[in-house]
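Chemist: Turn these sequences into a full structure, and let the hints steer you where they fit.
Sequence lines, in order, name chains A and B.
Counting in my numbering, the first sequence runs from 21 upward without gaps.
Counting in my numbering, the second sequence runs from 80 upward without gaps.
In silico PhoX-like pairs for lysine-lysine, Cα to Cα no more than 20 Å straight-line:
(1) B:142 with B:116
(2) A:296 with A:306
(3) A:192 with A:287
(4) B:301 with A:51
(5) A:163 with A:348
(6) B:142 with B:301
(7) A:41 with A:51
(8) B:301 with A:49
(9) B:342 with A:192
In short, the hints are calculated from the structure, not lab data.
Model, not experiment: these values are computed from the prediction.
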Amino acid sequence: MSFRRRVKRIFFQQFLDAVSKLTNLQETKIKAQKENDSILEQAAMQEQKLLLSSVSSNPIAALYSKLPADNFGRSYLDALIFDGSGSPGANASQTQILARKLSGLISKSIERRKKILSDGGPRFVGLRNYFELLGKTDSDFWKVLWQTIFWTATNVFFHFLIGLCLALMLNKRFRGNTVYRLLIMVPWAVPSFVAAFSWRFMFNYPDGLINGILRVAGFNAINFLGNPGLMLPTCILINVWAGVPFMMITLLGGLQNISEDMYEAAKIDGANTWQKFLNITLPCLKPVASIAVLLGVIWTFNMFNIIYLVTLGNEAIEKDIFVTFAYKSFRTHGDYGGAAAYAVIILSILLSFASRYSSLLEREERKGRT
Amino acid sequence: MFNLNSGRWWFHPILIVYSLFSVFPFLWILSASFQAKEVISSDQMSIIPGAITFQNYIDVFSKTPFPKWFLNSILVSTAATVIGLFIAATAAFGFSQFRFPGRKTGLYLFLCVQMFPGAVLLLPLFRLLSWFGLLDNYLGLVIAYCTISLPFCVWMLKGFFDTIPKAIIEAASIDGLTHFQTFYKIVLPLSLPGIAVTGFFSFITAWNEFMFANTFLFDSDKMTLAVGLKTFLSEKQSFWELLSPGSVIVTLPILLFFLVAQKWLISGLTSGAVKE
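Modeler: Right under this line is the structure:
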C-alpha cells in the first residue's frame with residue numbers, strides 16, 4: 021500500500037471513529053435532556069466539542085464538510101467511505117446520515133468559534149450575577165438565607181443542649197455508663213446517607229412507621245417530607261439525632277479534664293451543686309465547648325446529605341438551605357454564574373462568622389488573663 | 080442497676096429513652112432487611128420480624144449492581160485515603176518541624192479551606208476535571224476527595240507530629256539523617272496510631288460522600304455506594320426491600336469498627352486536633 025493511501029485510510033478510520041463516538045454522545049445528551057440533568061448534558065456537549073475540534077483538522081472531514089450535498093465529489097466520497105474497507109459495515113445508511121450531521125456540526129462549531137471570538141467568550145458581567153440573586157423581588161435568596169440561619173441555629177442549639185445534658189450525666193460514675201455511651205454514639209458511626217434513608221423509611225407516606233403510630237393514635241397520616249412547612253423541622257430532628265453524639269463526646273472529654281480538686285475546694289467553701297456547675301464546670305468547659313460549637317456551626321451549615329437525600333424527589337421543595345439550593349441551581353438549571361455567586365456568598369458568610377468568632381474568643385481570653 | 084440511694088436513679092430512664100432514640104432508626108432498617116417485600120411496603124411491619132427471610136440480601140447481590148458499587152466505593156475511598164495521607168503527612172511534617180515564613184498563614188489557609196462547603200468546590204472542580212478529561216473517571220473523584228480531606232488530615236497529623244519530643248528529631252539529625260530519612264524512619268513509625276486514626280476518618284469521609292460522586296460520575300457501573308443506593312429511591316416508587324439490606328451492609332462494618340475502637344478513636348481525635 022502506498023504511503024498516501026495508508027495515511028488516507030488512517031484518516032478515514034479516525035473520521036469513522038469520531039462519527040460513532042459522536043452518536044453515542046448525542047444519545048447521552050438526549051437522555052440527559054429528558055432527565056433534566058444539565059450536568060451530564062454539559063459534559064456530553066463539552067466532550068462533543070473536543071471531538072469536533074480534533075476531527076475538524078482531519079482532512080477527510082474538512083473536505084467532506086466543504087462539499088455541497090449534490091456535488092459529484094461528495095457522492096463519490098460517500099461511496100468511498102461506506103463501501104470502502106474502513107466502514108463499520110452493518111448500518112451504512114445510518115452512518116451516512118451521521119456523517120452528514122457531523123459535517124453540519126463541524127461547520128456549526130467553526131461558526132460558533134468565530135462567534136465566541138467576536139463575542140469574547142464567557143464575558144465579564146461585573147456584579148450582575150449577584151444583583152440577580154440579591155436584587156430581584158422574586159428572588160429566593162432571602163428566603164433561603166432565613167431558612168439557612170434558622171436551620172443552623174436550631175440544630176446547633178439542640179446539639180449543644182442535649183449533648184451537654186448527656187455528657188453531664190455520663191461524666192458521673194454509675195452502672196451501665198459505658199453501655200449508654202456506646203448506644204448514644206451509634207448515630208455518629210452510621211453513614212449520613214444511610215441515616216437519611218432510614219429516617220426517610222420511617223417517615224414514609226402513607227405507611228411508614230411514624231404514620232402508622234399516628235394512625236393508631238387516631239390521627240390522619242401526614243406527608244412529613246412532602247409538605248414544605250414540615251420538611252425543615254423534620255430534617256432538623258434528623259440532623260439533631262445525627263449530630264448529638266459528636267457534641268456529647270467532645271464535651272465529655274472536656275468534662276473529664278476538669279480536675280476534681282476544684283470541686284472539692286468548692287465543697288469546702290460550701291457551694292451547692294448549681295453554684296459548682298455555674299462557676300467551675302461552665303468556665304472550664306468553655307475552650308472545648310467553643311471549638312465544638314464552631315465546628316458544629318460549620319458542619320451544620322454545610323450539611324448536604326441529609327437535607328438532599330431526605331427531600332429527594334419532592335418537587336414541592338425547591339427552596340431549602342444554601343448548600344442544597346446552590347447545588348440544585350447548578351445541577352438542574354445549569355446556572356454556572358448563579359451557582360458561583362452562591363458559592364462566594366456561602367463562603368463569605370462562613371469566613372466572617374469564623375473570624376468574628378475567633379476574635380471574640382481571643383478577647384475573652386485576654387479578659388480572663390488580666 | 081437502679082440504686083435508689085445514689086440520687087442518680089433518674090439518669091436511667093432518660094438515658095434509656097435517648098439510647099433507644101439513637102439506635103432505633105438503624106434497628107428499624109435492620110429489621111426491615113429481613114422481612115418480605117410485601118410486609119415492608121405495608122404498614123404491617125414490626126420491629127421484631129414475624130418471618131425472617133434472606134431473600135432481600137440475595138436480591139440486592141444478584142439483581143442489582145450493588146457488588147460493583149461496593150467495590151467502587153472501596154477502591155475510591157482507599158485510593159483517596161492513601162494518596163491523601165501521603166500528601167498530608169509530608170505537609171504536616173513540614174509544618175510541624177520547620178519554622179519558615181508563611182508557616183502560620185499556610186496553616187490558617189488550611190483551616191479556612193476546611194470550612195469550604197463542598198458546594199463551593201463543586202463548580203471549580205467540575206470545570207477543572209472536565210478540562211483534564213477526568214470526568215466520569217475514578218481518578219478525578221479521588222483527586223476531588225483528596226482536596227476535601229487534605230486540610231483535616233494536615234491539622235490532625237501536625238497535632239500528632241508535634242507530640243514527638245524535639246530531642247529525638249535532633250538526635251536523628253546529629254546522627255546524620257536527612258530530613259526525609261527522619262520523616263520515614265522516625266516520625267512515621269512513632270506516630271503510627273495517629274496516622275491510623277487520621278486515615279480512618281479520611282476513609283469515612285470518602286465513604287460517606289455523596290455530592291461529588293453524584294456529579295462527577297455518569298456511568299451507572301462506576302457509581303459509588305451512596306449514589307448507587309440512591310437509585311433505589313424514586314418519586315414514584317421506593318425499593319425499600321433493596322435499600323434496607325444495602326444500607327445494612329454499608330453500615331455494619333463501620334459501625335462495628337467504631338464501637339470496638341471507639342476509645343482509641345476518640346483519644347486520637349482529641350489529642351491530635353483539639354489540643355492545638
